[in-house]
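Read off the chains here:
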Amino acid sequence: MDLSVGEVHLANRRLFTGITRDISDRKAAEANAQRRLNDLAHVSRVATMGAMATALAHEVNQPLTAIISHATACLRLLNAQRPLGTESPPDSLDAQLQDSLAQIARQGERAGEVIRQLRRFVRKSEMEFHDHQLNAVAREVLSLLAHEIRESKAQIEFDLAPGLPDVPMDRVQIEQVVFNLVRNALEAMSAVPEDQRRIWLRTSAFVRDGKAAVGFCVEDRGPGFAGIEPSRLFEPYFTTKASGMGQGLAICRSILEAHEGGISASPADPYGARFQFWLPVARA
Amino acid sequence: MTPPDSGACVYIVDDDDAVRSGLRLLLSSCGLVTQSFDSARAFLDSVAVDALGCLLLDVRMPGISGLELQERMEARGFQLPVILLTGHGDVPMAVRAMKRGAFDFIQKPFNDQYLLDRVQQATQLSVDNAERQRQQQIRRGRLAKLTSREQAVLERLVSGQANKVIASELGISERTVEVHRARVMEKMETRTLAQLIQLMADLQRE
Numbered sequence: 001m002d003l004s005v006g007e008v009h010l011a012n013r014r015l016f017t018g019i020t021r022d023i024s025d026r027k028a029a030e031a032n033a034q035r036r037l038n039d040l041a042h043v044s045r046v047a048t049m050g051a052m053a054t055a056l057a058h059e060v061n062q063p064l065t066a067i068i069s070h071a072t073a074c075l076r077l078l079n080a081q082r083p084l085g086t087e088s089p090p091d092s093l094d095a096q097l098q099d100s101l102a103q104i105a106r107q108g109e110r111a112g113e114v115i116r117q118l119r120r121f122v123r124k125s126e127m128e129f130h131d132h133q134l135n136a137v138a139r140e141v142l143s144l145l146a147h148e149i150r151e152s153k154a155q156i157e158f159d160l161a162p163g164l165p166d167v168p169m170d171r172v173q174i175e176q177v178v179f180n181l182v183r184n185a186l187e188a189m190s191a192v193p194e195d196q197r198r199i200w201l202r203t204s205a206f207v208r209d210g211k212a213a214v215g216f217c218v219e220d221r222g223p224g225f226a227g228i229e230p231s232r233l234f235e236p237y238f239t240t241k242a243s244g245m246g247q248g249l250a251i252c253r254s255i256l257e258a259h260e261g262g263i264s265a266s267p268a269d270p271y272g273a274r275f276q277f278w279l280p281v282a283r284a
Numbered sequence: 001m002t003p004p005d006s007g008a009c010v011y012i013v014d015d016d017d018a019v020r021s022g023l024r025l026l027l028s029s030c031g032l033v034t035q036s037f038d039s040a041r042a043f044l045d046s047v048a049v050d051a052l053g054c055l056l057l058d059v060r061m062p063g064i065s066g067l068e069l070q071e072r073m074e075a076r077g078f079q080l081p082v083i084l085l086t087g088h089g090d091v092p093m094a095v096r097a098m099k100r101g102a103f104d105f106i107q108k109p110f111n112d113q114y115l116l117d118r119v120q121q122a123t124q125l126s127v128d129n130a131e132r133q134r135q136q137q138i139r140r141g142r143l144a145k146l147t148s149r150e151q152a153v154l155e156r157l158v159s160g161q162a163n164k165v166i167a168s169e170l171g172i173s174e175r176t177v178e179v180h181r182a183r184v185m186e187k188m189e190t191r192t193l194a195q196l197i198q199l200m201a202d203l204q205r206e
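Quick note, the sequences are listed as chains U and P, same order. Per the working numbering, residue 1 is the first one in the first sequence, and the count goes up by one each step. Per the working numbering, residue 1 is the first one in the second sequence, and the count goes up by one each step.
No lab work stands behind these hints: they were computed from the structure. Where hints are given, some of them may not hold.
If you anchor each label on the Cβ, the simulated ranges turn out as follows [as the list claims (entries may be wrong)]: (1) U:78 / P:62: 32 to 38 Å; (2) P:62 / U:90: 45 to 51 Å; (3) U:37 / P:45: 47 to 53 Å; (4) P:45 / U:107: 35 to 41 Å; (5) U:269 / P:48: 38 to 44 Å.
Covered by chain U, according to a simulated footprint, are these stretches of chain P (three or more residues, beta-carbon under 8 Å) [stated by the list, open to error]: (6) 9-21; (7) 93-104; (8) 109-119.
Think of the CB as a built atom: it goes at the ideal place given N, C-alpha and C, for glycine as much as any other residue.
With the rest of the complex left out, here is chain U (with noise of 0.2 Å):
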């Protein structure tokens, strides 16, 4: 209940009103809006650690790999020297070698071991699937963007496909993705004068390698890419960002292929950033 209470003078007297308000309904919309942004906040978190799991598990997979196999060269290549069926001595320059070398190869192998548990603990708790429609995934995303949007003062031009089908997804996934997006593009026109600042948000349904797909595209009037190539932007730890963290869009291509689409990044036209995602109708 919201209580306001006003005190009026009206010919010598004081009169006073009192105007009770049930606003159960709004504080009902608030908490849902709160618990929706707080989902999103745990799945960001979540895929914030598989992201940074994955860009750790193949930068040292990378170097991992290299030691291993020169070290498995190398055995095999002294091995080779020797007659065949004989032994070095056990003291020998060349069984201190062998010994040495297969120590590389085992503790490189037991590195490896350890990335591929930290990958499987982190792992996204299972997904779950289910058939949405992209554009209401789309609208719910900018009603919890509501605030920011009316903050950044930007003018939002909205362009949904009608009769998009419903297409396989974890839901709060592709919300995150689309938020992402969004937010992106508001803090990219931070310091484009408030009357140019404006965003176009589109969906449509497209056949893409023969097979069925639907895609979200957004578009903004900030400064662009500023020369650098668009494909980095996905790398995990890439940001242009003061403050970043570099994951934001690492996480949305990773959500991305985990549903078996794909996001990419393009100037736009005459000028501005431009991002698109697409998910397949079917999924293998």
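Using the hints, position chain P against chain U.
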């Protein structure tokens, strides 16, 4: 073990210098011939479509990705078996690669013996396939050298007709059928009717 003179080569495509050199050393320590490239583009620019051996391909690279290269190779008619290497091991990518006909999918860092075994098997497959195609080519050439009368006799022989039936169908003597039959066997380089039937079945299967 594939003989080094078969012209087979293990092609390596990985953007990481240290991984490439490690793989080169490992494969050559087993007597395998290697060629390595730092990008899919470099591979496509210098390797011929009829290359023999196998390709060790890193899935995730800047520019053309491993999966895209696999697609382009298929479009160009490469028959080289592809073994994909990944530092990620993510399942959807592996499924897609295998669906597109990859020979195997190996997670980095890998067990050296397993990698070498699979490389050997893939290379053997490539060499065997090429040899079978060469043999088929030779057989097709021999088939083309038959006269039209010999071809008529061959068709009927393969469908199981007796000399007598063939003779009456073609309006020639049984003795003549026998002569044609002998010429067919000689030109096709087969000794028995069973061999001839097998050979024709193989040719039709292609």
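Going through the hints against the structure:
1. U:78 / P:62: 32 to 38 Å: 36 Å, holds
2. P:62 / U:90: 45 to 51 Å: 48 Å, holds
3. U:37 / P:45: 47 to 53 Å: Cβ of residue 37 of chain U to Cβ of residue 45 of chain P: about 50 Å, so the range 47 to 53 Å holds.
4. P:45 / U:107: 35 to 41 Å: 38 Å, holds
5. U:269 / P:48: 38 to 44 Å: 41 Å, holds
6. 9-21: holds (count 4)
7. 93-104: Coverage by chain U holds for the region 93-104 of chain P (4 residues, Cβ < 8 Å).
8. 109-119: That given contact holds, which follows from 4 residues of the region 109-119 of chain P lying within Cβ reach (below 8 Å) of chain U.
When each numbered hint is compared with the structure, no violation occurs for any of them.
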